[in-house]
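**Student:** If you're matching them up, the sequences are chains A, B and C in order.
Reading the first sequence from the start, the letters are residues 1 to 307 in this note's numbering.
Reading the second sequence from the start, the letters are residues 1 to 354 in this note's numbering.
Reading the third sequence from the start, the letters are residues 1 to 359 in this note's numbering.
Keep in mind that the hints are not guaranteed to be accurate.
Listed below are the simulated SDA-like cross-link pairs for lysine to any residue, each with C-alpha atoms no more than 20 Å apart in a straight line [as the list claims (entries may be wrong)]:
| no. | chain 1 | residue 1 | chain 2 | residue 2 |
| --- | --- | --- | --- | --- |
| 1 | C | Lys190 | C | Arg127 |
| 2 | B | Lys140 | A | Ala277 |
| 3 | C | Lys349 | B | Pro167 |
Worth flagging that the hints you see were computed from the coordinates, not collected in a lab.
All values reported here derive from a predicted model rather than from experimental measurement.
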Amino acid sequence: MTTAMLVSILMTLIAASTPLLLAALGELVAEKAGVLNLGVEGMMLCGAVAGFAVAFSSGSTALGLVAALLAGVAAAMIFAVLALSLGANQVATGLALTIFGIGASSLIGAGFVGRTVQRLGPVFPAALSEHPVLRVVFGQDILVYLSLALVAGVAYVLRRTRAGLILRAVGENDASAHAIGYPVIAIRYAAVAFGGALAGLGGAYFSLALTPMWADRLTAGRGWIALALVVFSAWKPGRLLLGAYLFGAVMTLELQAKAAGVAWLAPEVLAMAPYLATIAVLTMMSLGRKTGRLDAPACLGKPFSAS
Amino acid sequence: MLEWRRRREPSTPMLWLSPLIAIGLTMLAGMLVFTAMGYDGFHAVGSIFVTPFAEPQRWADIGVKAAPLVLIALGLAIGFRANVWNIGAEGQYVMGAIAGTGVALATYDMSGWWILPAMALAGILGGMAWAAIPALLRVKLQVSEILTSLMLTYVAVQFLFFLVRGPWKDPDGFNFPQTRMFTADQTLPTIMEGSLVHIGIPVALLLAVIAWLLMEKTTAGYAVKVVGLAPAAARHGGFSAARTTWATMLLSGGLAGLAGLFEAAGPFGQLTPQFPVGYGFTAIIVAFLGRLSPLGIIFGGLVLAGTYVGGEIAQSTVRLPQAATGLFQAMLLFMLLATDVLVRWRIVWKRRAA
Amino acid sequence: MTSIITRRRLTFGAAAASTLPILGRGASAQAPLGVGFIYVGPIGDHGYSWTHDQGRLALEKEYGAKVKTSFIENVAEGPDAARALRQLAQAGNQLIFATSFGFMNPTIQVAKQFPKIKFEHATGYMRAENVATYDARFYEGRAVIGTIAGHMSKTGQAGYVASFPIPEVVMGINAFHLAARKVNPNFKTKVVWCSTWYDPAKEADAAKALIDQGADMITQHTDSPAPLQAAEQRGVYAFGQASDMRSFAPKAHLSAIVDDWSGYYIKRVKEVMDGSWKSGAVWGGIKDGFVKLAPYNDAVTPEARKAADEVTQAIASGKLHPFTGELKDQKGEVRVKAGETATDEMLSKMDWYVDGIQA
Chain A
1 MTTAMLVSIL MTLIAASTPL LLAALGELVA EKAGVLNLGV EGMMLCGAVA GFAVAFSSGS
61 TALGLVAALL AGVAAAMIFA VLALSLGANQ VATGLALTIF GIGASSLIGA GFVGRTVQRL
121 GPVFPAALSE HPVLRVVFGQ DILVYLSLAL VAGVAYVLRR TRAGLILRAV GENDASAHAI
181 GYPVIAIRYA AVAFGGALAG LGGAYFSLAL TPMWADRLTA GRGWIALALV VFSAWKPGRL
241 LLGAYLFGAV MTLELQAKAA GVAWLAPEVL AMAPYLATIA VLTMMSLGRK TGRLDAPACL
301 GKPFSAS
Chain B
1 MLEWRRRREP STPMLWLSPL IAIGLTMLAG MLVFTAMGYD GFHAVGSIFV TPFAEPQRWA
61 DIGVKAAPLV LIALGLAIGF RANVWNIGAE GQYVMGAIAG TGVALATYDM SGWWILPAMA
121 LAGILGGMAW AAIPALLRVK LQVSEILTSL MLTYVAVQFL FFLVRGPWKD PDGFNFPQTR
181 MFTADQTLPT IMEGSLVHIG IPVALLLAVI AWLLMEKTTA GYAVKVVGLA PAAARHGGFS
241 AARTTWATML LSGGLAGLAG LFEAAGPFGQ LTPQFPVGYG FTAIIVAFLG RLSPLGIIFG
301 GLVLAGTYVG GEIAQSTVRL PQAATGLFQA MLLFMLLATD VLVRWRIVWK RRAA
Chain C
1 MTSIITRRRL TFGAAAASTL PILGRGASAQ APLGVGFIYV GPIGDHGYSW THDQGRLALE
61 KEYGAKVKTS FIENVAEGPD AARALRQLAQ AGNQLIFATS FGFMNPTIQV AKQFPKIKFE
121 HATGYMRAEN VATYDARFYE GRAVIGTIAG HMSKTGQAGY VASFPIPEVV MGINAFHLAA
181 RKVNPNFKTK VVWCSTWYDP AKEADAAKAL IDQGADMITQ HTDSPAPLQA AEQRGVYAFG
241 QASDMRSFAP KAHLSAIVDD WSGYYIKRVK EVMDGSWKSG AVWGGIKDGF VKLAPYNDAV
301 TPEARKAADE VTQAIASGKL HPFTGELKDQ KGEVRVKAGE TATDEMLSKM DWYVDGIQA
């Protein structure tokens, strides 16, 4: 394998992993606060279509990204109002949000089918970003760097800061957190909004960076993979990074192996792999613990009501 | 000023009124949204919510669409009552169909009345086996069944793809990925000659009534509700949470598997990659629309099936895009979840004083 | 509520046909002919279903008030299709097009219930008194783009982003490769199976993998323009699928195989109008206007242009059949003898690859 090829494969791998990482990281924060939002796919599609529509209409990819972020937050707020303020069942609300996102994005996007926009470009000047080898490091777009920085940021905040401690407390034991005087619902709103923002950006990564266009169901189910990754990571940002890149690597290398004519596993077996791996990890984590308690936030998916 | 007051007890009238309020609000919101988008909102809403029920020739279509939804939702609702969140019914539905199809392919050159019951049994067992995995993981290892059952859905769907593209591909099917068509002995009989209404529809209704009796009139049903509402009290009362988890997971898996087999041996008549259409997920909406009550689920199943049928009417008459049907379904659930607040809270008018 | 439907139909008639005679006076011959369509994808896919919808729009343009078209999109292949077909039949359509292979059994089933309504099923093999089938010889178009690829490729390698190994796809790969090999005897075609018709990000990554492996021509049998975008990004050439996809990749897009169903739809509607419609099987190619080539990119060399035009004309005139022997499969077994051409039956069951293809 030549260096050029290796570089090229790495570039593809990073690009394939980034939207998963973004969406999963957002969901991780929401779940750490005790909220299970199954609407990731729907929020991603809202972000994808809003990002494309605004980038196309304004000619500015940056504005598109902002719009995607806001659209993700807006979609997440539908969830938050129902599940947090009104105490609706989170599973049902999340599923409804996904159905909503598929439908709404298709209706909004109908006028943009067949159009294309300027692809989200690299951050650094051409001397660095087009260097045959260094472009692996310097040839990435803003969202790649942002996703990596956010992993570090989220890990730091969760583990080392007071804000992170409060967030975890809300996810682990909402009643005590409330008793101490923390605004449980408000903190959960913030966490869900953060999840929506990152899902929106993750969706926009499809419509602005990977395949700069709009077509129905553009994200093709990546939101569900992001949900699996959160569990796979055992709610740890570092492991989430690993999981997302591992998954990106499997997807990329599968196609590379096929292109190289290497006999490979049945595609269906590969497609099952991330889900089976997630179940295996969950099982092993539980087996490895005498207490039988997982790292899953104790209040995950349970509604909280102050009165 | 208006003020929210928490009710001491959930309001029973509201429990039954809120789905109707939700449907009304969805119709209203739909009318406004689609009119604003330049469609004929009034007729769009009429086509989706009223026409399917007003025209008798659509009733069979609604029944065919509602039967699997009701079957799956019945099992899910009983689980939800016990705080067992099986959201992987889609996977159990697919595994049921696969197991039943296995029997069908094995008995391809045989005939006899026993084949269809054997397929149905295999379907139930297939669904149960798939639901047993999350049940085991939850009971033994405290792994969330929400996550495992969801993950297993994707595994089941890929397994189906593998089978129909590989070992189970119809040898006379021009290499298209699908199994043979089932024979007459392997196909669900219809109620009347030439009718669409297959035997799965009355079976679904019957099972709904049985589920209602089970939940309301037996100790087992009471145990499920107690485990769901007050786990600590349930322990004192001698009701085992583990046993309830097993029972509800296997029940919902078995019903989903049966629904899958009915769909394969009925409307499809074979397995194809297009077999999973998301009934397992839609059934969750149905369960909530039906207030997690077996009789309510019949109503919820009919309403949701109606939106599919009506969505197609709206497409061919007012040219409402298909995506709008999904939007209606999502809005319906949003509204329902929102109006649910009225069950637990009431609005009172309070004079500003003190 | 039936009134909604009737009123609906009236408004529709009035909107579509200002010439519609005042009710009660009009002879039935003047009532617009209802033509229905069901599509497997959304018309917003810009791919297969979109091309059929273009055919529907062409009908409206051609016949104006004489037809009333309607469609149902995103119809799942299976029982939902039967319901959608019944809905169109009950709504008074007299000719209904079911535009995807998976609608075959439902079409036959519903056609039995509505013997007076005419059905047309695309790409299938089951027919009835009132069910005709139609399909396009896309492989003829693939032979033309294969010729261009043979001329334009510097590495002598093409990458083929494919969906599933069904005969339709397999014959396309073979036709493309055979044509390219005629130009360059050492030509190689590498196939990546995506196991999906539609997943833009995956299709793009498959194209990138093929480019990494040395392909400088990308062609596809999946639905999204994503492989073209990947080719544009990497600076290699590619061909559009189903429609002219130039706007997605102005530099990379050399040409495209364009599905054009409008001629057939216009003809069949005419036949229903004058009562000459008969069931049958039509498999139309370049000659019949089913398959067209999008305008060549400026980058296509004069030599490649000339060769492509010659192949197009030879196929249209019947002088050239893309599957003319001797053809050997990957194991070296002779599948088509020298001087013979593959029969339609062989093509419709094709499950082998010509040597030199890596699939």
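**Student:** Run the structure past the numbered hints and jot down the numbers of the failing ones, going up.
**Tutor:** 1
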